[in-house]
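Enquirer: Input sequences plus hints: build the corresponding full structure.
Counting along the sequence shown from 1, when you hit position 185 you're at 185 in full-length UniProt numbering, and nothing is skipped either side.
Please keep in mind that the hints were generated in silico from the structure rather than gathered at the bench. Errors might be hidden in some of the hints.
Under the rule of at most 20 Å between Cα atoms (straight-line distance), these lysine to aspartate or glutamate pairs were calculated in the EDC-like manner [claimed, not checked]:
| # | residue 1 | residue 2 |
| --- | --- | --- |
| 1 | 343 | 257 |
| 2 | 24 | 71 |
| 3 | 466 | 226 |
| 4 | 34 | 417 |
| 5 | 445 | 303 |
| 6 | 265 | 482 |
| 7 | 353 | 482 |
| 8 | 157 | 487 |
| 9 | 456 | 438 |
| 10 | 37 | 75 |
| 11 | 352 | 226 |
| 12 | 455 | 153 |
| 13 | 17 | 55 |
| 14 | 296 | 181 |
| 15 | 281 | 476 |
| 16 | 455 | 226 |
| 17 | 295 | 215 |
| 18 | 319 | 482 |
| 19 | 203 | 145 |
| 20 | 364 | 376 |
| 21 | 272 | 482 |
| 22 | 76 | 41 |
| 23 | 156 | 438 |
| 24 | 250 | 181 |
| 25 | 24 | 417 |
| 26 | 356 | 321 |
| 27 | 295 | 214 |
| 28 | 382 | 395 |
| 29 | 382 | 487 |
| 30 | 252 | 325 |
| 31 | 24 | 74 |
| 32 | 319 | 274 |
| 33 | 265 | 71 |
| 34 | 356 | 206 |
| 35 | 102 | 41 |
| 36 | 370 | 448 |
Note that this is a predicted model, so its numbers are computed, not measured.
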Amino acid sequence: MIIETNQACDLVIFGTKGDLARRKLLPALYKLEKSQKIHPDTRIIGTGRADWNTEDYIKIVKKAIKMFLNEKIDEKIWKKLRSRLNFFYIDVFQDLHFLELKNILNQKKNIIIYYCAVPSNTFNAIFTGLGKVNLNSFPSRIIIEKPLGVSLETSKKINNQIAKYFLESQIFRIDHYLGKESILNLLALRFSNSFFFHSWNNKIIDHIQITVSEEVGIENRWNYFDQMGQTRDMVQNHLLQILTIVSMDKPKNITPEGIRDEKLKILRSLKKIDLNEIHIKTARGQYASGIINGKKVPSYIEENGANKHSKTETFVSIKVDINNDRWFGVPFYLRTGKRLAYKYSEIVIVFKKISKNLFQEFNKNLSPNKLIIRLEPNESIKIYFLNKVPGLSKEYKLKSDKMEFNFNINNTKNFVDAYERLLFESMRGIQSLFVCREEVEEAWKWIDPIINGWKKTNINTVQLYKSGTWGPKSSDEIIMRDGRFWETFN
1 MIIETNQACD LVIFGTKGDL ARRKLLPALY KLEKSQKIHP DTRIIGTGRA DWNTEDYIKI
61 VKKAIKMFLN EKIDEKIWKK LRSRLNFFYI DVFQDLHFLE LKNILNQKKN IIIYYCAVPS
121 NTFNAIFTGL GKVNLNSFPS RIIIEKPLGV SLETSKKINN QIAKYFLESQ IFRIDHYLGK
181 ESILNLLALR FSNSFFFHSW NNKIIDHIQI TVSEEVGIEN RWNYFDQMGQ TRDMVQNHLL
241 QILTIVSMDK PKNITPEGIR DEKLKILRSL KKIDLNEIHI KTARGQYASG IINGKKVPSY
301 IEENGANKHS KTETFVSIKV DINNDRWFGV PFYLRTGKRL AYKYSEIVIV FKKISKNLFQ
361 EFNKNLSPNK LIIRLEPNES IKIYFLNKVP GLSKEYKLKS DKMEFNFNIN NTKNFVDAYE
421 RLLFESMRGI QSLFVCREEV EEAWKWIDPI INGWKKTNIN TVQLYKSGTW GPKSSDEIIM
481 RDGRFWETFN
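Expert: In structure tokens form, the structure reads like this:
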């Protein structure tokens, strides 16, 4: 078992030149430096095949932080961070390079953390190279980004490859949504407040919506995305994890094992979507050209390197049912897509209306109570409830009012972003916010039959939707068929 403490580490970043490292990891490390969460003896070793020395790397890191940090760089903080930086040239297919890396890492007796910010087809070369020179020994840790593979079979292959060289307690499978403050607060919201704790079930809740909406297209990732599609890239990867946090039973304790056990129970309780209902419970779309933020954007099949005949989905919505006592009869509606009207992610809990409302005669259409948990942007919680309209009227007119708690505004000093938190947790050796092998494979077990079902039927074709809209009409039909509507973004 890994000891949970913030010890001196050597953080080795494979793929330090890439988009993930520049946009997310390097700014997160700056913020950790700012909050004094990095041990004084920790080193950061960027690796790659770029023709750089350490001074070149330092310049690249500062440029990336300037570009993607949402605040001005403090030179005192930067001076501390730059003193940790090193660059090491490595070709992961060359065994000799791993021996040279070992010599560098042996200079200190720090705990080693490997961050694989590279495509998954490079993973095995890294696992093998580290294993051959005994750089995989406990208590080293390795972080890998989901999604793992494109199916249950390929996911198992990757997990088997890493299991040859690392124990499960050393493996940190990252899903950055699990590091968001609002997701973490869900545990506190649900399990420490009696009015939610006793209401979180099919007696009180009508349905739940989970939306992850993106304005961007595929961002020059054609080869990656056309193989994955939005279902593999986002539903299997992120939305199912959000669903498990929303729906799981109270864990025995707040430990990695306690939380994972309950999440696994949910994944194993997801009702399979049969071929004969796949056109009722799922919808797919692909973005056509349109206008985003006042600018014309191309269609999916007009992107750089595109296959003009591709049927890969850039949008998907799915109606999910959970086969357990708590959630029987409560549908979960998931939707996610690219080139949509706005970038935002949220969870909407819609509560059942009172069957015989005392004020029904004065109000034809009373809105239901809702709890809206905004994940991004501006993480917040909103509660909608009914109040009397002020005045002297003899009629009891009601209106829906909102109470809002904004994490960013109310906790400016303490607010941390997802990668900042997850990097810190990996340094401490805490796996609560990371995903275990069983979770990944259970998610694929549920997703694979849906993807295979689409291949077998011509009924559920991929519909085009205009960029800058909310996706294909078939997505609205899924929820409207049940007499419900998607929550409007505001």
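Enquirer: Taking the hints in turn, state whether each one holds.
Expert: Now for the hints, and whether the structure bears them out:
1. 343 to 257: violated (33 Å)
2. 24 to 71: Within the cut-off at roughly 14 Å; holds.
3. 466 to 226: Satisfied, since the Cα-Cα distance of roughly 19 Å is no more than 20 Å.
4. 34 to 417: holds (13 Å)
5. 445 to 303: Measuring from Cα to Cα gives roughly 31 Å; hence the hint is violated.
6. 265 to 482: The hint is violated at about 26 Å.
7. 353 to 482: holds (15 Å)
8. 157 to 487: Cα-Cα ~39 Å, so violated.
9. 456 to 438: With a Cα-Cα distance of about 28 Å, the restraint between residue 456 and residue 438 is violated, given a limit of 20 Å.
10. 37 to 75: holds (18 Å)
11. 352 to 226: Violated: residue 352 and residue 226 sit about 40 Å apart, past 20 Å.
12. 455 to 153: Holds, at about 17 Å.
13. 17 to 55: holds (14 Å)
14. 296 to 181: Violated, at about 34 Å.
15. 281 to 476: Within the cut-off at roughly 11 Å; holds.
16. 455 to 226: Holds, at roughly 15 Å.
17. 295 to 215: Holds. Residue 295 to residue 215 sits at ~12 Å (cutoff 20 Å).
18. 319 to 482: Holds - the C-alpha atoms of residue 482 and residue 319 are around 10 Å apart, at most 20 Å.
19. 203 to 145: violated (38 Å)
20. 364 to 376: Violated. Residue 364 to residue 376 sits at ~34 Å, over the 20 Å cutoff.
21. 272 to 482: Within the cut-off at roughly 19 Å; holds.
22. 76 to 41: At roughly 17 Å apart (the allowed maximum being 20 Å), residue 41 and residue 76 satisfy the hint.
23. 156 to 438: Holds. Residue 156 to residue 438 sits at ~10 Å (cutoff 20 Å).
24. 250 to 181: holds (19 Å)
25. 24 to 417: holds (10 Å)
26. 356 to 321: Violated: residue 356 and residue 321 sit about 27 Å apart, past 20 Å.
27. 295 to 214: holds (16 Å)
28. 382 to 395: Given that 20 Å is the threshold and the Cα spacing comes to 28 Å, the pair is violated.
29. 382 to 487: holds (13 Å)
30. 252 to 325: Measuring from Cα to Cα gives roughly 18 Å; hence the hint holds.
31. 24 to 74: holds (18 Å)
32. 319 to 274: holds (12 Å)
33. 265 to 71: violated (41 Å)
34. 356 to 206: holds (16 Å)
35. 102 to 41: holds (18 Å)
36. 370 to 448: With Cα atoms ~33 Å apart, residue 370 and residue 448 exceed 20 Å; violated.
Of the hints listed earlier, those the structure fails to meet are numbers 1, 5, 6, 8, 9, 11, 14, 19, 20, 26, 28, 33 and 36, in rising order.
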